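Following the hints, position chain B against chain A.
The lines below spell out each chain.
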Amino acid sequence: MYVIIVGDNEVGYSLCKELLNAGHEVLIIEKDATKCENLEKELGSVSLCGNGSEMAILTKAGTARADIFIAVTGEDEDNLAACQIAKQKFDVHRIVARINNPKNEHIFAKLGIDHTVDVVALVLEHIKAQASISSLIHLLNFKEQGGELVLVKVGDPAAGKSLTKLPLPPGSIVSLLIRQGQQCQVPTPDTVLKLDDQLICLIPSGSKESVQAIFAG
Amino acid sequence: MNIIIMGCGHVGAELASTLDAEKHKVTILDTDATKFGKLSSKFNGTALVGDGTDEEVLKKAGIAQADAFVALTREDERNAMAAQIAKQMFNVPKVICRIYDPLREEFYASLGLDAISPISLFVQLVKERLGG
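Taken in sequence, the protein lines are chains A and B. Under this note's numbering, the first residue of the first sequence carries the number 1, and numbering increases by one thereafter. Under this note's numbering, the first residue of the second sequence carries the number 1, and numbering increases by one thereafter.
Don't read these hints as lab results, they were simulated from the structure. As the structure is a prediction and not an experimental result, all values here were calculated from the model. Misleading hints may appear alongside valid ones.
To be verified - Not the full set, but computed from the structure, chain A residues with beta-carbon under 10 Å of chain B: (1) ASN51; (2) ALA56; (3) THR59; (4) GLY62; (5) ARG65; (6) GLY112.
What the hints assert, rightly or not - With a Cα cut of at most 30 Å, we get these calculated DSS-like pairs of lysine-lysine: (7) LYS59(B) / LYS208(A); (8) LYS194(A) / LYS208(A); (9) LYS35(B) / LYS143(A); (10) LYS87(B) / LYS89(A); (11) LYS31(A) / LYS35(B); (12) LYS89(A) / LYS127(B); (13) LYS35(B) / LYS89(A); (14) LYS25(B) / LYS103(A).
All C-beta atoms, glycine included, are put in the ideal place defined by N, C-alpha and C.
If we strip away everything but chain A, and leave its shape as in the complex, we get (with noise of 0.2 Å):
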């Protein structure tokens, strides 16, 4: 496959290395001349010194064959521009574009950019799942479907109840129990609940805070 990527930084440069070394051909374009050298260096001719939202350079890079598009330069704004230009004028299929300002997440999507990464929103995540500060921990979008899949830790309202008890929003799944000391298992829907299980749910996108009530209070 050939994958073009605008910006290298961290997440740039990572990516570039693995895609790499899964034997894709990839490009990253980057603004900046003297980052381009030192990649040249270090993993060869895998760089196009440019600006990445500029109709010039993407048709250098030839965008019209990549099959995957990724923009993950630090400003939304160029993401942004680099992703419009690629999905409009060079038909790429997939795209898809890094988020800095969490604000963005539905701007994006409204002007046609629907894979998009909240890095600051996976990072809080993250850190509030090895923390253990929240009760409830989002794991995945499933946007088309109009879901999200969750992480979620039984308290005192659930706990002593089975499933079928709990007024869950309508189209929620829940498909794996996580029980201290025991396998994961499948639960159904007699499954009694225990203080401190933990839940892998598939839950109606926004329904994140009316979840957490009813599991965890």
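What follows is chain B alone, placed relative to chain A:
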């Protein structure tokens, strides 16, 4: 008209001062407060420090009531993003953005933006004066 201008450079400041003198309600945005020194001493509008690609800043600038939004920062990408937010998220009736790169001007026009490239414009003017 109620007009929001993003970017208080030479063009932004001149445009804001002119429209203000013509009794329009003008709000000008810039991330750098020192840029507001370029405004006319008679400027009566609002000068607001903030990033015009940030929805909250746009709301504070009164974008919900704006009749027009003009993006005039130095960067094409920022202008394009702000203009799209104004048009798509806040339905501002008239949105204009400066896009230096003539190739990108065409692209953003194809997305429905009113994009102006000062480069194309100047080239066209000079050609006309040359009589060809």
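Going down the list of hints, with the structure as the test:
1. ASN51: Since the shortest Cβ distance to chain B is 9 Å, the answer is holds.
2. ALA56: 7 Å, holds
3. THR59: At about 9 Å, which falls below the 10 Å cut-off, the nearest Cβ of chain B leaves the hint on THR59(A) intact, so it holds.
4. GLY62: 17 Å, violated
5. ARG65: 19 Å, violated
6. GLY112: 9 Å, holds
7. LYS59(B) / LYS208(A): Given pair LYS59(B), LYS208(A) holds - Cα atoms ~27 Å apart, limit 30 Å.
8. LYS194(A) / LYS208(A): 21 Å, holds
9. LYS35(B) / LYS143(A): Violated, because 42 Å separates the two Cα atoms, which is more than 30 Å.
10. LYS87(B) / LYS89(A): 21 Å, holds
11. LYS31(A) / LYS35(B): 26 Å, holds
12. LYS89(A) / LYS127(B): Between LYS89(A) and LYS127(B) the Cα gap is close to 29 Å, so the pair holds against 30 Å.
13. LYS35(B) / LYS89(A): Violated - the C-alpha atoms of LYS89(A) and LYS35(B) are around 35 Å apart, more than 30 Å.
14. LYS25(B) / LYS103(A): 28 Å, holds
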